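Asks: Chain A is already provided as a structure; the job is to place chains B, C, D, E and F on it using the hints.
Number of protein chains: 6
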Amino acid sequence: MNRYGPMFGPDITFLGVPRCTLEEPSTYVDADIVIVGAPFDGGTSHRPGTRFGPSAIRQACYLPHDGSRPSLALRVDGLQDLRVYDAGDVEMFSGDIERSLSSLESAVFAVARAGAIPIVLGGDHSIALPDATGVARQHGLGRVSLVHFDAHADTGDIEFGSLHGHGQPMRRLIESGAVRGDRFLQIGLRGYWPGPETLTWMAQQRMRSYEMTELVSRGLDECLTEAFEIATDECEGVFLSVDVDVVDPGMAPGTGTPEPGGLTSRQLLDAVRRVCYELPVVGVDVVEVAPPYDHADITAYLGNRVVLEALSAIARRRHDATPGNPPWNPHQPLLDAR
Amino acid sequence: MNRYGPMFGPDITFLGVPRCTLEEPSTYVDADIVIVGAPFDGGTSHRPGTRFGPSAIRQACYLPHDGSRPSLALRVDGLQDLRVYDAGDVEMFSGDIERSLSSLESAVFAVARAGAIPIVLGGDHSIALPDATGVARQHGLGRVSLVHFDAHADTGDIEFGSLHGHGQPMRRLIESGAVRGDRFLQIGLRGYWPGPETLTWMAQQRMRSYEMTELVSRGLDECLTEAFEIATDECEGVFLSVDVDVVDPGMAPGTGTPEPGGLTSRQLLDAVRRVCYELPVVGVDVVEVAPPYDHADITAYLGNRVVLEALSAIARRRHDATPGNPPWNPHQPLLDAR
Amino acid sequence: MNRYGPMFGPDITFLGVPRCTLEEPSTYVDADIVIVGAPFDGGTSHRPGTRFGPSAIRQACYLPHDGSRPSLALRVDGLQDLRVYDAGDVEMFSGDIERSLSSLESAVFAVARAGAIPIVLGGDHSIALPDATGVARQHGLGRVSLVHFDAHADTGDIEFGSLHGHGQPMRRLIESGAVRGDRFLQIGLRGYWPGPETLTWMAQQRMRSYEMTELVSRGLDECLTEAFEIATDECEGVFLSVDVDVVDPGMAPGTGTPEPGGLTSRQLLDAVRRVCYELPVVGVDVVEVAPPYDHADITAYLGNRVVLEALSAIARRRHDATPGNPPWNPHQPLLDAR
Amino acid sequence: MNRYGPMFGPDITFLGVPRCTLEEPSTYVDADIVIVGAPFDGGTSHRPGTRFGPSAIRQACYLPHDGSRPSLALRVDGLQDLRVYDAGDVEMFSGDIERSLSSLESAVFAVARAGAIPIVLGGDHSIALPDATGVARQHGLGRVSLVHFDAHADTGDIEFGSLHGHGQPMRRLIESGAVRGDRFLQIGLRGYWPGPETLTWMAQQRMRSYEMTELVSRGLDECLTEAFEIATDECEGVFLSVDVDVVDPGMAPGTGTPEPGGLTSRQLLDAVRRVCYELPVVGVDVVEVAPPYDHADITAYLGNRVVLEALSAIARRRHDATPGNPPWNPHQPLLDAR
Amino acid sequence: MNRYGPMFGPDITFLGVPRCTLEEPSTYVDADIVIVGAPFDGGTSHRPGTRFGPSAIRQACYLPHDGSRPSLALRVDGLQDLRVYDAGDVEMFSGDIERSLSSLESAVFAVARAGAIPIVLGGDHSIALPDATGVARQHGLGRVSLVHFDAHADTGDIEFGSLHGHGQPMRRLIESGAVRGDRFLQIGLRGYWPGPETLTWMAQQRMRSYEMTELVSRGLDECLTEAFEIATDECEGVFLSVDVDVVDPGMAPGTGTPEPGGLTSRQLLDAVRRVCYELPVVGVDVVEVAPPYDHADITAYLGNRVVLEALSAIARRRHDATPGNPPWNPHQPLLDAR
Amino acid sequence: MNRYGPMFGPDITFLGVPRCTLEEPSTYVDADIVIVGAPFDGGTSHRPGTRFGPSAIRQACYLPHDGSRPSLALRVDGLQDLRVYDAGDVEMFSGDIERSLSSLESAVFAVARAGAIPIVLGGDHSIALPDATGVARQHGLGRVSLVHFDAHADTGDIEFGSLHGHGQPMRRLIESGAVRGDRFLQIGLRGYWPGPETLTWMAQQRMRSYEMTELVSRGLDECLTEAFEIATDECEGVFLSVDVDVVDPGMAPGTGTPEPGGLTSRQLLDAVRRVCYELPVVGVDVVEVAPPYDHADITAYLGNRVVLEALSAIARRRHDATPGNPPWNPHQPLLDAR
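Chains as they are written, first to last, in full-length UniProt numbering: chain A, 1 to 338; chain B, 1 to 338; chain C, 1 to 338; chain D, 1 to 338; chain E, 1 to 338; chain F, 1 to 338.
The shape of chain A in the complex, shown without the other chains:
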């Protein structure tokens, strides 16, 4: 049986981690993490190109691609302290969104069923539907909350005559029951979409959406703390969905629907760290990196570092769960106790 591998370009893995093959569960039976590429941009309403996101995120690093990344900040090696595999890309023809999303959901579910955390590299945000659904099928529909960094709510209804697209996955997730509306936490929204009708629908679902105005006036950290409490109420796990456009397009230009006025890269990395260190994350996706619009790979680098930050924080969380290990201290100087 063949491993499919990347759809576009050569067959590589995320920074050189070992490969696995989704069709052969034995190849990832011991996995903590399985990386899955979703090279799909058929759901994009504007600039396409995220089909090259998985390939770009996998290789956007100047260090050797040797399957090791010791975090200076968290003092763990997310690629070594966890058992991380890369399953390559799911075949996703951009011209057939229904079939493609279905294939991805099967892949994500296979990973979750094996007891591993799937980290899906998008691709456009359409994939959040199969990503979170695949995880919820394993952990229980309605039992996984969703922490969602994004400039956009992605709760649209039918667009271009289709139920599916990168502006709609969050509505579909709530409608299907995969995720409870009142366990949906959105961080970084801004701009001029969606309109009142959709916002009313969102309010009816009791979603909790933090627009940039609130984040700026109250402070991002306070808002995150509040959101984390909601996320863990009556939910066993958290799915983290990071749309890179939550960062200001001035810092992350390689994306399809840029909305000025976003977070800084530093803020996003710190927030992702907190989510993965403080919450029981059971799935992650990083979406909307569009290499054709990138410059000097800086947005791809950011996507790569979001993945590493998540892995490092998950590893540190597990490390600190061992009795006797002291908790992580952000004030500790880098070279103390080395």
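One or more of the hints may lead you astray.
Computed list of chain B residues with no C-beta within reach of chain D, every gap over 12 Å [claimed, not checked]:
| # | residue |
| --- | --- |
| 1 | Ser26 |
| 2 | Val29 |
| 3 | Ala110 |
| 4 | Gly140 |
| 5 | Asp157 |
| 6 | Leu163 |
| 7 | Arg206 |
| 8 | Ser217 |
| 9 | Asp248 |
| 10 | Arg317 |
| 11 | Pro323 |
Where chain D lies over chain B, by a calculated footprint (3+ residues, C-beta under 8 Å) [stated by the list, open to error]:
| # | region |
| --- | --- |
| 12 | 65-71 |
| 13 | 127-137 |
| 14 | 188-194 |
| 15 | 250-259 |
| 16 | 288-298 |
| 17 | 325-335 |
The hints are simulated quantities; they were obtained by calculation from the structure and are not laboratory data. If you're wondering where the values come from, they're calculated on a predicted model, not measured in any experiment. All C-beta atoms in this analysis are idealised placements derived from N, C-alpha and C, irrespective of residue type, glycine included.
Replies: Okay, now just chains B, C, D, E and F, sitting in the frame of chain A:
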């Protein structure tokens, strides 16, 4: 009733020609030409972005967008001497190729049925299937030959699990009977695709494909002359399909599947002129202009000029058909008889 | 009588708002806002290209160009709740600055005289002279204060042998009496220009200029509050002039005279919101977006959002002025009371 | 007295040749060639940026900037065998075209009066008016023919309300009598401008314009030979004006009004060589290199090489004029007789 | 005797300051500052291009290159109040790192010996070894502390079989005794390099490294204050080494090893100001500006402004050292006391 | 034992061909071709970046990376009909040219000794010295002729104090006796380097260098035929060295020392085909592809296709050598005899 207009960006027409609305035949009842945008890249196997092709081709010009373009070479005004309308874009969701191609076919057929020549601005080459089919439905299945400029044969079978995509339209056209295999003229093929199996299928269809080696060793003009004879044998009309990647990617970088070693821009423009001046063209598409990979809009400019060259030559052909008008003479100095 | 329309490229309006024609006052007699393009870069001392600013700002948006933009933050629709028209571009030949600025002043005055707020899309900053003068002619010379976001003071005297240019408009405005020197509020200055002589002149005019050092050490919000008090003292209206280079060039590279160390995009948007919500704005210009130096349109997007932020805040200000309407609350969660 | 030097960026000379100062004739009394920068783009109808042309052309070379360039093809050193100086840039404020062109004319005339050949680095093509006029004032009005490589005829009348601009210099030159209409040779025209009225005017002036169609069908070399005969009939000198947009924009993207279907770089270099070797050139300009639209400096390199090709051919022409020196032989192998 | 001048491109000086020649001490005998270019990228582990850093940093400014830059913030003119010379570039063949670093060390030492502060424009960070060593040879080995802004610790051991490279200079400096490990202050580290072994070595040297987590949680200013106390303990002078990649790659993309999550440009400029105003700086280098990866020169502009900020602060420090001069006050409004 | 793999980025092979390890001869004992990466740009005199050439050339293709490329033109599959392996990259630290070239020579010799043809992917042209030397060590010093496509002669002597660099390999090869001067065939030279002294040295070595003037006036094909006769006189094998800058920079901008006026991509591909079909090629290198200066990967694509063209022609040559097989016929229509 609303005119749909361009899918991406503002609602503009090709260089300022008047608008028409496909749903209202009265708006183009007197048309010679109707321009239709096909902002679709869901069939692209590699670099996407041709969804922005229609918008880019429509506006890639430094002259006033005033619906007039007097050709220095052909001494006609393709936008004034012909009645040219722009119908805006067909709604084509890139995530649903079957529905999108079907919508486009209806639009093209509506134009052809009204007695006008459709000029479709792609979009990826998947659209050649509905483009040529829509025309053939009007002029007779198998009664329209196809002159096809391209680096690629586009005769693939199933790819990514789909019958449709930008590498397959020519096979579908022959299989359906819309175009006869032995009236298929391909100019500019090169590179490493398709493989022997597909080539054998093509030979069985009695297609006539001019690879660059033959074009260089025999000369482009001689090959065109030969092809034109085939094209007009037992066919009433000719559909011209221009994939901008027939030009060398060094000169036309804004495309999805660049294959080095192609024609120059000058060669393509001259060849398009000959096709539209010497043959009874009944439909045209210009495809695979991918703005995200373009530089300084040079590929969009080329696409724009291919359209203008076609329009000018069609106008000149009609002008010269009037008894008493002398034929066009390429040796005539620009300012003679002004 | 013809509407002139955009000078460069196709004739479009800002995000699809209705058109008006300056020569026909009846077309904007009921306007709250009239957008005017000033495609002029003849006054630029370094990198040109802002002539394409109006076209770029008008269309830098991934949403439908449908004349509607409901603000998530302010809960109004700046394009619907206000009557907004776009008058197209004033003809401004970059090779003749005196004639061009004069034409623009007439256009701006026509808008102001009609009781509408002109929003001028630059163009280089030379246009601030006719912009603010045109408004002051209606509201009273010396009766309009000027809030000016910029990296540069733009108070130079004769340069390249000319009284006019993008480094000089603020001096000309004060000299002419259009704007009082002590009602000139400059936010974001930094770098190495102008020199002591000009600074002394500025001090003599009693201008109030906030250099980045003061903004960082005291806080932008405190400085704005202080400036707002000055702006409304003995002035009936405020003209807001936003040079996009006030933002750090790392986030807004598409500009002519980049000066590192500026505001973030988020800071600028929030500041523009405060100006337009808290002050009686009677005119706006957004200048120095230079598309040839932009990447992935991010600076054009920022310019577009500055305009929308201004419109939204003006709309909200008017809404809140109605007795019984509660004031805007930046702490209110997005989905509360939907 | 100060030498003005380049207007934009640091004060450098063309590939390191010595400086001179126009105001001090003693500094170039022995000059064969004086290079003059014309950093002006106020006459540009579309994309600006040619103000950076002089700076870009001066330094677009990977070899040491040491004032020496031995031509492999022509076996002379254009920078050493001729006495070449660089006078820096004329101050040309882009916002005041009349004053700027007047200043440039004075500078060019000063060079011609000193017995040297001016080589003017543009800047947009507006400058051809002062360039050729300045030379004709020295050599006799109507006594200098003009060989003009361009995609455009540049014979427009009033545009944007101005007599001057980059689409009009050729009309102004003929109207003023500086150059005879029937000694105007245009090579490379194509596209959709100007319209019939202007073409008729051109025909009335008995201009000789070679559109690309004629060049392709007859051959560039044959056309050049024909043109050279006209150029030297009743004229003592030839002014060579090279608009870089005569080359296909696919090969020379860094220009303001790109028109597909042009010459190759190789063809232009060979044609410039022939002009300067076979004709008595008394002035040259190289215009319309627009760095903001260039990529990897390739258009600036081309501009630099056009200058060097002209200088080399002028030097070789002088060398071969010495009795006993054999004429240049293009068939001679590079290493023969070394 | 010849001044070597810049290795790549024309011979220019930093913003037009006067030249000097290192081989002729009389040309800089009175210098306060000597700028030295180090166009070397042979030590780069990933993206090269910093060899063009000196040329880019020298000219990245839109103001006249006239050797004067009055700082708005600090009210001094760093180029006029100090005697600043530019010695051009040291010849550094990128293919021979040992010879190149040795040549640079000699150059830096020559400057320091003359009593001037060398400001070295890199080039990759390999050059910090000869930069700091050259200074320490004059001021005493171990008597100069090092303040180091960087995303990376640059304390690697042998890489690619070489002791030298841009990831290793800091280790070499400590090993040689040029700089004491416990007087090494690193600001801005982050990411996934180096690994534990190297960190342990660093801890053993008692280096003090501020990772971004600590900087964010404690505040940059507090950390700087703490670092400054260490830097001046038992050291007479401070060497400031600024790797531009300490800034977030979203704002400074033109660099070789981008690591997301860095400082803003504003933070870096303010921090450099504090270092040079509060500490006795005896040498500076600004490294890792890689123009091939830059966009619109924004990273080169940042490098230029880092140099100017350092010069301005040094000038202000000297000014304030004069009895009677009041200290600099960051709260002072720009136009106060003008 | 470890396979080193690519130095920069992930470990991939040329279009998916199998791997081999140079240290383990058994892994390539049956090879016809071994591809070797030489990621080195330490010898570059101007723009660096060719260190990323091997990685870019290996993956610049839109087709599946499946180790198969059936040539339309030559009717063979260069990757399947030959046994092709990819040995990854030789470790070449750009800061140590002597050591790096020595390592590469060992690698090339190992391949040649195994009876395979090495195809080396550069890297800058410095590598031609070890490439041709490594092959000559196997086939006999002076027994291998060199066919060299380039804009530059690369016969410089000491530069930047070094015997080695990308402008000098051809001199070193002749001096060492590895290649006879009179079996050196250079195609495509042009421009202004080297100077007379070096040309005289070249003439003394009886090199045969075809400058573009000769190629244009006599025709490329005639010159190639002449050169091929020299190449096979008293030599058993031919080394083909292709510097991508032989193509016009307008078509191949991604290179370090662009010289306008070169071949078209089509001409280069056809010439490479002739060399490898008509001559007994024993080694190949493809150099000077510099990705940082490329656009849309077009130069990398060209490099990839040069390799494939060489492989296809070698395969076809072997195929035609079998008795009974008809020779390749460039006039044969693509679909004939399929």
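Asks: Going through the earlier hints one by one, which of them does the structure break, listed in rising order?
Replies: 9, 13, 14
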